[in-house]
Every structure is written in C-alpha cells, then in structure tokens.
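Use these hints to put chain B onto chain A, whose structure you have.
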Amino acid sequence: DAGVIQSPRHEVTEMGQEVTLRCKPISGHNSLFWYRQTMMRGLELLIYFNNNVPIDDSGMPEDRFSAKMPNASFSTLKIQPSEPRDSAVYFCASSLRDSYQPQHFGDGTRLSIL
Amino acid sequence: AQTVTQSQPEMSVQEAETVTLSCTYDTSENNYYLFWYKQPPSRQMILVIRQEAYKQQNATENRFSVNFQKAAKSFSLKISDSQLGDTAMYFCAFMTNTGNQFYFGTGTSLTVIP
Numbered sequence: 001d002a003g004v005i006q007s008p009r010h011e012v013t014e015m016g017q018e019v020t021l022r023c024k025p026i027s028g029h030n031s032l033f034w035y036r037q038t039m040m041r042g043l044e045l046l047i048y049f050n051n052n053v054p055i056d057d058s059g060m061p062e063d064r065f066s067a068k069m070p071n072a073s074f075s076t077l078k079i080q081p082s083e084p085r086d087s088a089v090y091f092c093a094s095s096l097r098d099s100y101q102p103q104h105f106g107d108g109t110r111l112s113i114l
Numbered sequence: 001a002q003t004v005t006q007s008q009p010e011m012s013v014q015e016a017e018t019v020t021l022s023c024t025y026d027t028s029e030n031n032y033y034l035f036w037y038k039q040p041p042s043r044q045m046i047l048v049i050r051q052e053a054y055k056q057q058n059a060t061e062n063r064f065s066v067n068f069q070k071a072a073k074s075f076s077l078k079i080s081d082s083q084l085g086d087t088a089m090y091f092c093a094f095m096t097n098t099g100n101q102f103y104f105g106t107g108t109s110l111t112v113i114p
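Chains as they are written, first to last, in my numbering: chain A, 1 to 114; chain B, 1 to 114.
Only chain A is shown next, with the shape it has when bound in the complex (with noise of 0.2 Å):
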C-alpha cells in the first residue's frame, strides 16, 4: 500500500517566493493534518481537515498560510510571500477518522527560505 506523499521532498527558494507544498493521503484515509517541525518549537500542528472540510487551523501561524484540499487525494500547504522564518520540515499525515487509528506520516517536505 502506498503511503502518505508529498512533494516535494526539498524545496528552496528566495524570500517573498510563493511556495506549495502538496500532499497526497492514504486512500481510504478521510483525515489529513498538516504539521510544522523546527527546532525550536518541535512538531506544531498547523490545520486539520475531516472530510476536506478545514477543521480547525487555528495553528496557521498567519495570513501568509492558506491551505486547501479540494478532494479526497489532494491536499495543499501555500505560504505566500515566504519569509526565512518559515524554514521548517512540513509533514502531512493522515488518519481514518472514528477508528482511533495512529496518524500515518509523509516523508516531509524540507522548506528552506534563502
């Protein structure tokens, strides 16, 4: 079975660059978290959808962040403009809803802000 997928694996660009981070959640899996990792903070949830409905995102730092997930297999992390602050591991990970199963994570997405 294939995993959660996201893309891509390292990305770096130029402050003020508009980013995109894609997603791609185990099929079947109707839940899809968006997390941020430094070392200084750790893990952080950013948002979280059930459904592809925005549950809660009260973790998205600010405005620069939006995220989307138009269907079941697709989801989009975009920071726009980028800033060096936002350099982090971006993970996503997915889960099947009402089942108490653990959350199965992408590979991450390395994001580095020049």
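Keep in mind that a hint or two might mislead.
Claimed, not checked - Every beta carbon over 10 Å from chain A, so not counted as near; a handful from chain B, in silico:
#1 20
#2 63
#3 106
Unchecked claim - Stretch by stretch, here's where chain B covers chain A in the computed footprint (C-beta under 8 Å, at least three residues):
#4 38-45
#5 85-95
#6 104-113
Because the hints were derived from the structure by calculation, they are not lab data.
Each residue gets a CB set at the ideal place from its N, CA and C atoms; glycine is no exception.
The following block gives chain B in isolation, referenced to the frame of chain A:
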C-alpha cells in the same frame, strides 16, 4: 486542555542495554489512546507502539514495551536490547476518544552507543 510532557530532552544507552523514556500527559477524558513515534535521522515519523487507555495490559511490540499507569497519567517506553538503529527522536502522542487530533510531546533524542 490536553498536554503531553516529555521531561528528558536527550538520553543515551549502551548497545544491548535497556532504556526507558518517560512521558506524562494531562486530560480530563476517561478513554483515550497513546502512541510512541520514532523519528530517525531520515526524518520519517514511524509508529512504534500504541495503547488504548481502557486496556490494563501494557502493549508490547518485539523489543518495545510500555508501562502505562493510568492513575498517574504516565506512559513510558522501554526499549530492550538497544540497537544502533534505535538512535532517533522519540515522540509520545495522545489522542482523545472524542476526536482524532493528536497532541505530541516535545520529544526525547535517544543515542545508542556502540
């Protein structure tokens, strides 16, 4: 509010020895789920073990076992016969029965010394 605390930022253990990583949590829920994830240098988040709060028996997965003390709200991970491949960051996580959002601890960095 749900919180997860890992009080040991770093630990080390000699190869083939046993090590225990601590985790405490706070919740008013009676039924919930606990997980340990491993993040090796490759940065993948890998599920190690899970425990349902309503089960009194401690979970075991090969060399990994937990000591679940519900009254004390403690969920420690024991790694027996430590191997070099166990070197990783370990995260304790908590999920309530009423939702599928995870709450993660700040992690413990474990180094296995040859």
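List in ascending order the numbers of the hints, as given earlier, that are violated by the structure. 3
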